[in-house]
Amino acid sequence: DVKVTQSSRYLVKRTGEKVFLECVQDMDHENMFWYRQDPGLGLRLIYFSYDVKMKEKGDIPEGYSVSREKKERFSLILESASTNQTSMYLCASSTGQSTNEKLFFGSGTQLSVL
Amino acid sequence: AQSVTQLGSHVSVSEGALVLLRCNYSSSVPPYLFWYVQYPNQGLQLLLKYTSAATLVKGINGFEAEFKKSETSFHLTKPSAHMSDAAEYFCAVSEGQAGTALIFGKGTTLSVSS
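So the sequence lines, in the order shown, correspond to chains F and X.
Everything in the first sequence is counted per my numbering, starting at -5 for the first residue and increasing by one.
Everything in the second sequence is counted per my numbering, starting at 808 for the first residue and increasing by one.
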C-alpha cells in the first residue's frame, strides 16, 4: 500500500527552537507538498517541490524553509518557532508533471509551540 | 491565480437526507477540481476529481459532483446521508500546470444526526 509517513504525530517545542518536520514517501513521486491546517482556515500551502533540490513558495512561506535532498524525503524547517506556528502540518505527494493527479497525504503532525 | 470558496463552514443533516456541500471556484484557465474528505484523526483522502472528461463526476461512498462552468461551481452531493459520512470536506482547485500546486478551500464540516 502506498504511504506518506510523517515522523511525529505530536510535537511540543519552545519558542525560538529550530524545528524539523520530516516526511517520507515510498511511491517514487516527483511532487511533494507541505500544508498547514488550522480550524476555519482550511489547508494553506507553505512550500512544495516538484523535483529533488527544487522548491517553490506557497501562499504562506514566511517563517519556514524546506529541504529536498532525496526524492523520497521532504523536510519542513521552522528556523525559530513562534506560537503562531502552532498548527497541524500535513505532508502530501503526487506523481506527474501536472497537478491533476491525486494527492496522497500523511496523517499529519500536530505541532504545539509554547 | 486560482481560488476556491466553500459556502457554509458547517452543514447538519439527518440520516437519510440529501447532502449538499457547496464549492465555487475562480480560475484563469479551465480548472481541475477535487473534493477531499478528512475523517476524524485521519489524513485527507480523495473523494472525486473533475478533469474535463465529464461534467458529472462520481466518487467513492456514493458521492458525486457536477461541474457547472456557467456558475463556476462544483457542488458535492449524496442522495442519502449515512452516519459514517460525518467528516470535514475540502474542495480544491488546480490549474494543472507543472510547477503549480493544489489550492484548498476552508472546509465544510458535515454532521449527521440519527
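There's no promise every hint is true.
[Claimed, not checked] Just a sample of chain F residues kept apart from chain X, beta carbon distances all over 10 angstroms, derived:
#1 Ser2
#2 Asn25
#3 Glu50
#4 Asp53
#5 Arg62
#6 Glu66
#7 Arg67
#8 Ser101
#9 Leu108
[Said to hold, decoys possible] Covered by chain F, according to a simulated footprint, are these stretches of chain X (three or more residues, beta-carbon under 8 angstroms):
#10 861 to 870
#11 909 to 915
Read the hints as simulated data drawn from the structure, not as lab findings.
Fair warning: this is a prediction, and the values are worked out from it, not measured in the lab.
C-beta: ideal position from N, C-alpha, C; glycine also.
Q. What are the numbers of the hints the structure violates, in ascending order?
A. 2, 3, 4, 8, 10
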